[in-house]
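So the sequences go chain by chain: A and B. In terms of our numbering, the numbers along the first sequence are unbroken and rise by one, the last being 737. In terms of our numbering, the numbers along the second sequence are unbroken and rise by one, the last being 356.
FYI, nobody ran anything at the bench for these hints, they're computed from the structure. Note that the structure is a prediction, hence the values are computed from the model and not measured. Treat the hints with care, as some may be off.
Claimed, not checked - Within a straight-line C-alpha distance of at most 30 Å, the following computed DSS-like cross-link-like pairs (lysine-lysine) qualify:
no.: 1; chain 1: A; residue 1: Lys640; chain 2: B; residue 2: Lys131
no.: 2; chain 1: A; residue 1: Lys556; chain 2: B; residue 2: Lys76
no.: 3; chain 1: B; residue 1: Lys114; chain 2: B; residue 2: Lys2
no.: 4; chain 1: B; residue 1: Lys2; chain 2: A; residue 2: Lys640
no.: 5; chain 1: B; residue 1: Lys114; chain 2: B; residue 2: Lys4
Claimed, not checked - Sample of chain A residues with no beta-carbon within 12 Å of chain B, all distances over it, derived:
no.: 6; residue: Phe421
no.: 7; residue: Trp635
no.: 8; residue: Gln714
For glycine and all other residues, C-beta sits at the position ideal for the given N, C-alpha and C.
The chain contents come next:
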Amino acid sequence: MLRHGLDRNVTFWLLTGLAAFVLLPWYGIERGYLDMRWITGGWPFRGSGASGLFAGLERPWLLPHLVFLLLPLAAWGRLKSDPLFSATLLFAGAGGLIWLLLQGFAIGLNGFEWSWLEALFGPQDIRQFGMGYGALFTAAAFLFFLSSGLAARGVVNGDTFVVGSIGFVIAVVGIFIFFPIMKMFIAGLQTDDGSYSLSVFIAKFADRKIWSLACMTGGTRCGVAWNSLFLAVMVGLFSTLLGLVFALVVTRTGFRFGRFLRAMTLLPIITPPFVIGLAIILLFGLSGTVTTTIAGITGMQPTRWVYGFTGVFIAQLLAFTPIAFLVLIGVVEGVSPSMEEAAQTLRAGRWHTFRTVSLPLMRPGLANAFLLGFIESMADFGNPLVLSGNFDVLSTEIFFAIVGAQNDAGRAAVLAMVLLFFTLAAFYLQRFWLGKKSYTTLTGKGDSGHHPLLPKQLRYVLFAIAGVWTVFTLVVYFIIIYGSFVEVWGLKNNLTFNHYVRAFGLSWNEFGLHFSGAAWDSFWTTLQISAISAPLTAAIGLLTAYLLVRQSFAGKQAFEFTTMLSFAVPGTVIGVSYIVAFNVPPIELTGTGLILILSFIFRNMPVGVRAGVASMSQLDKSLDEASLTLGANSWQTFRKIILPLLRPAILAALVYSFVRAMTAISAVIFLVSARYDMATSYIIGRVENNDYGLAIAYSTVLIFVMFAAIGLFQLLVGRRQLGRRFDQSRTNWEAGG
Amino acid sequence: MKIKGNAASVEFEHVTKVYGGMVKAVDDVSFAVAAGTLVTLLGPSGCGKTTTLRMIAGLEMATAGRIVIGGRDVTKLPATDRDVSMVFQSYALFPHMSVQENVSYGLKLSGHSKDEVRERTEAGLALVGLKGYGSRSPSELSGGQQQRVAVARALVLEPEVLLFDEPLSNLDAKLRRQVREEIREIQTSLGLTVVYVTHDQEEALAVSDRIIVMNNAVIAQMGTPRQLYEAPDTAFVADFIGEANILPCVVEDVTDGRAQVRIDGMTVTLAARGVGKGPARLAVRPNRILLAPAAAKSGFTGTLRKATYVGSHWEYSVESAAGNIFAKALDGDDRLTVGGPVAIGFTAEGPVLLPQ
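Only chain B is shown next, with the shape it has when bound in the complex (with noise of 0.2 Å):
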């Protein structure tokens, strides 16, 4: 017996929930996540993406729009009639049931043989490497084993699509990264269609196909990892996945989608990203940012207000013309002195223009 995946995409269209007549928690929200993909929906606490998830699942009900998985409407459906699993951020294993109990709860409700109600509990437990668990009580495992008999309970249903709610959290920083590498692994092996909330930018980036930020009950930007931190839209975006500079500027001509960007008297040569002409921003992440002493002749000028060693870099806080800037670099720079003026430039592939 082994698990397999049932994949199906998931579509929202035009999907707004309001709580209590007043509240918009989700504000006219559309997205479609591709069957055996892993989806993260990001964002700040009060976003929506919690609420989000919660409509994929059948937990909260959409105000308006319509929510499609695989194929079939089931804006109106309650979870109970949802291909869909969900591993909670509490977990939520049943405290009076066995770890086997908790695991063939819902294969046993959903009207399997006894045998074969064993048989996937058993498989279900091998895939995440409890096998031989199953007698405990929940209460009897560690943080992270509670963890994954949260997934193999969610996993031997075979569902359309898995939903994960900040899976992550109750666990300790290094349990963190392997957990989250099995994770995706279980996902790409059995080609499952998971949806995954975090509020954690790091975890997003590395466990997901595409990436979903929310803010404000909307959708800020969707793409890949890749895009969301090289290619920001908003500013927003720009700080919120990695740090960023959000730095004015004046476009000064844009030709053939290559935009001459002047900033306090330095000018690079950017993608237009279709900005016209006239003020813009543009987001630099810390480490693009190059510090030389003032005499070089490159950039602009500054003055250097804070180098902190922390370990693994140094940062650096430089006030400047275009407003405080602040940057992070592998080595020390002897050359440069607090309170000094500074050089100011950027790496080949440093700054951005953010369209809006």
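With the rest of the complex left out, here is chain A (with noise of 0.2 Å):
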């Protein structure tokens, strides 16, 4: 049996890619992709708009990327079985790649980039710039061959579509998270000069301003990497304690408000992250309500006492609880009451089931959700930004010294795998070592039964606690709404709008609408790009929880291991490296909205994987088999049956993603540039300024937004999906803002 002519999915690629080089520009435009004034630049025959194929008159490095995308003709008439199909494929996509990154990294700005290059050819004075959208959609195409080639050789049953998605995925997750922290590892190694040397990494590592323990033997300070340390172990301790306090009295004193905690639990999701931190700050600062009071009553010197190691513990306690709350929650449900009646019949007593069965079966819980406020304070950045004072932790210095004076890449480096390094052993631990001891059992069948009840005198305690901490959480939040309100905090305490008007006053003039305030550019571009990355993360977020739930392949735990391990990677570190790896061709990124787009995908594509892992595990497989054998092909299941009936995860996935993006800091702060400026990094910006009434009005009225965005949600999805997906979505949340 002989067809005719070539497989249709590779002559489609073999166009687009053909097209690409020869219509569109290579080069990235200076304005970013969203730019697309090439059109009118010389399209596509010179200039900034040429094309593959005619910059490649001036530059002869690009034309063999022709030959690559011609190859898969070769294949012309055969079938996929034939070995030489799959061979000629299999070359024409891995030689095209390879010769496309191989052109893309040798010759940059300056020429030939690597000397053994400019000794063997001379000096190259034709510059290169960063790729753009020929050489995108040309570096599509011969991914697609490759991934052709591999299905034609039988991987993954020999499903082009499968194939094809796993080789996007890593793809993509290779180019923005891999690169990227290699290259500041590398980045790390660098010398002043920019040449490499390892005794330099090392005396940058062994800085005592990281490791100096100092503050142990009488000295004034420790080095960063012990107080991040520190206040990371005592924020995972505290949370989960009080995390626990919080999930046993919904669970286990019959109180009747139970609803109203959870709610509460929404809470960390809709407020940026440094928001709790200028509560605490309007609340003890040095003008704050509680200091000035108590100076008042006690004539005391007002301090700056809370600035440090207090504030930072005290706000990131408050914005983290709630999510250990949610972990323990699901834990202290899952243990089965069966087993703790088992020990009742036994005779054991209240205390006595509680001591000895249900608090032990909750340890790997417990375990859980001290690594996740491990992961989280470490990772934070917006509380010890606006808090820590002398005390500085690793997040912000990374900050600083990228922006600081200092301006030393090398230097946020070193720290950003510092803290790399414990955010990932962290991960590593919550996922290899706990992942084998769980004993809460989830299948929600066959237990029925109730759990016991604490013992009296503990259930008053526990009453005690959670009652003084929500009372502090609601004193927290109506501060920031009250302050929003107040001119200025603790030396005119007159109630005004003024914030509001400076920050989203509306005027007419003889244009029209015209938007004066001074917050509306970056609230209007961070709903842009939160808009823009939402479903894109969403998309390639359900397409992995696709690939990982439904298909088998080589590998698949690595490609597990690989997609969620941007939740340990925190987002000065994304934002350190994304700056170190996109400011040069071939990927030239940074000033662009672009960045912060893949940024937030990046960054928030566990949650998609796992709203859509947590759902789709629970369709019947036996629905795509089925779809299967009804002649669909796995494209068109997964379009048809597997998408519309995972709606729920889709609408969640991108509600979380849409509010993350707005949420986020740690990352964002160093990717913003004067165009594309982000709220959070706006507010941050007032803050710095002691404009803080504006800041605050303006995280208020995120805050109102978000709820509004989950609210609407909520009304979309019905109440109870919601519940559900967001506890499976969020046994894993975030590191960092």
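Using the supplied hints, reconstruct the complex from the two chains, each of which is provided in its own coordinate frame.
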């Protein structure tokens, strides 16, 4: 049986690649990908808009791409099962990709990047910029050739869609997570004059500022690594304890307002990470309410006592306790009531049952909550930035190494590595050590019965702790809203709308409605960037989830680990690595809106993956199989069966990636530019200028916008769905904002 | 518009399926299913029957061997490209589509015209007796009706082979008999090739033209229901299809394919089935054992340990020198006393020598 012509998908990508090479500008445009002005700039023959083909007349190293693009024609008329078909495609795809990468890295802004090439060919005076649309689609075509070739070889049952998807996910995760981190590592090795030196690296790494233990021996300061570690351990411990208290109150005390407490778990999602820090300043800062009141009563001089460890600790505890609560409520409910009932029928009293059965069964869950709190605290950037005072931690030190007077990318890279080491170690423990130790059963069947109530005395203690903490949390949020109306906190305590007017003022002028407020620019940018990144995050997350749940292929575990890894990469690390990696060709993105979008996609991707995995594993696999046996291919099955059934998960992924993009600060603060400023970094800027009023007013608006987004989502999907999705997608909540 | 059968044969040639490089789910299995017949894969759970079915569907790929459907080698073809439909144990009706959309799903994908899709869908629903149910959602149907939608959805594609994976296991006992008769009726009237998986031997005996009994990843025996019941090859098959007492015996002589078999002093003459002289084993169905008061001169003797009335018949447990024997009788025998001696005999078509 001889099929004429060429496989349909291969033809499609061959034509796409050719069109891109001949028609689209090969190099990136100065003003970013979203700028379309290249159409008038000599396109496609010369100038900045020149396509690969015409740019290739000046830069002959671009022309081999054409050869690799046309190579699949050699498979003309051959069947998929023909070994020559797969060999041709594999060669064209792999060859093309390798050549594309080689020329991209070898020839940069200043001609040859590698000295041995210069020695071989002599100096090269033609420069090369970052890659643009042409290169992008050409690379996509090569990638597809490669995956088609692999599929024809019988990889993953020869399913082109699945192999292509795996290839795509690996490629983008590689480019936007691994490549930047690698580049950052290399930057750590680099000396000031651009050469590489291990000794310089070791010197930077062993810096006393990082590892000093002086505070233990009576000195003033410890190294930032120890500071971060100590803070993270304390926050992890106490947020776990508080989370456990709340979880026990809700499930084992007969408390009737559990729903109210559960609703409070929404707060950290909709609160920008530094807002709690701001509230702490309003309460305990130099002119804070509490500080001045106490000073007034006792006559003591008000101090900046809250700045430093105490302040950051309180702020992080407020911010992360709901996350621990969310994890632990699943754990506490997951302990099978029948085990506790069994203990009781064996004549154990309530106290004894709790101590010898319930609590030990929760142990892995407690460890999990601790590690999450640990990672959160390590990665948190917003609260230390506004509150840490002289208590330096890693995440803020990284920031100051880049933006400060030092502008030392090498030092930032080294600090980022230390931070990454801590969070990855915690992440590893959480996944591999705890993964095997969970006692909780979540099958949802077979276990009827009730959790026994706790002993009375313990119940009162729990009520007291939970009550105090709830009141404190409410006060903090009240202060934020109230503070947005106060003229100057602590000095002029009259109420005013001034801050809102300054931030979000509207006026009429000759052009009609004019957004005169100072915050509008960054507000619209934030909405726009978040709205663009949310569907992309959901899409790649769900695609990855589909591959993880529904397909089996060699290396799937490693694949899963790498896609979830970005959970453990703190935002500051992503920020630094993106700056280091995407400031120079072949991928030039700094200063564009795209780099923000990309950082959101890859920071939030695990949220989409989690939501997708959770709901997809509840879908009977025979639905897919039925579709396959009815003649649908895996792409049609994905589109017509899985996607429609995943609608709640899709919405959840959309809303959460939107909200998280709105509240993110740690990576964003490195990546914003004058043109693309984001709400959070604008607010931080106001805080640094002591303009607390506007910062708090803006934060309040953000909280309400996100509250509205989540409310809208609840209306769309229904209350119950949210709760479930929410629990599942949040068991491994983000690392830092 | 009528739904036709497009029956094709299915052949397995030395097919092996290995999971994870270690576990052999199906081990060197060969069989042929003639076009237009209903063949059952029968066996205990984990025997490889479902894996075999899924390899016919193309949902699992054979590790080694050849699979041929309708004369075409499909070993490497994925499910999408095979002309095979399957009815799933859970029915796998798409919950976000109406009954009609479910049934027309495969038709739309195979590029039929809109009119043809509609006509065929209606014909399919009519065939399973669900005319007029098209606009309902699957969740509004009873279990039996959902089952029929699943059958219609598979049938309208006029597949070369129709596969059933334990189709009755989610139905209540009374409905099972009815649905299995309907399946058999549709199969014979359309002349379909059907491969049917079940672990229920009664269901298998009732619907099949031929049965393939599998155990531990290999075929234990193939044949018509009658052959398997009357002449099992192994103790496993004898016991799995119907119940059987497996009794040790000695073959004393074989002449002209007839064997002289001695069992605890009693001698019977049976078809030799290739068994030579020496120790061997007999399989005897419980209802083919006759119990009589010990005074009766026929057979060998044992002690009656238990007599249980179960409504339609009596069940007896007898201890004998040949081992424990389980017997059934339609009527109780007042002359037998629990704890007392009984004479054990066989009915005329009673025991079978087991070749293996």
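Each hint, compared with the structure:
1. A/Lys640 to B/Lys131: Roughly 25 Å between the alpha carbons, so the hint for A/Lys640 and B/Lys131 holds.
2. A/Lys556 to B/Lys76: Holds: A/Lys556 and B/Lys76 sit about 22 Å apart, inside 30 Å.
3. B/Lys114 to B/Lys2: Given that 30 Å is the threshold and the Cα spacing comes to 16 Å, the pair holds.
4. B/Lys2 to A/Lys640: 28 Å, holds
5. B/Lys114 to B/Lys4: Distance of about 19 Å is within 30 Å: holds.
6. Phe421: Holds: least Cβ distance 34 Å, greater than 12 Å.
7. Trp635: 10 Å, violated
8. Gln714: 21 Å, holds
Violated hints amount to a single one, hint 7; each of the other numbered hints is respected by the structure.
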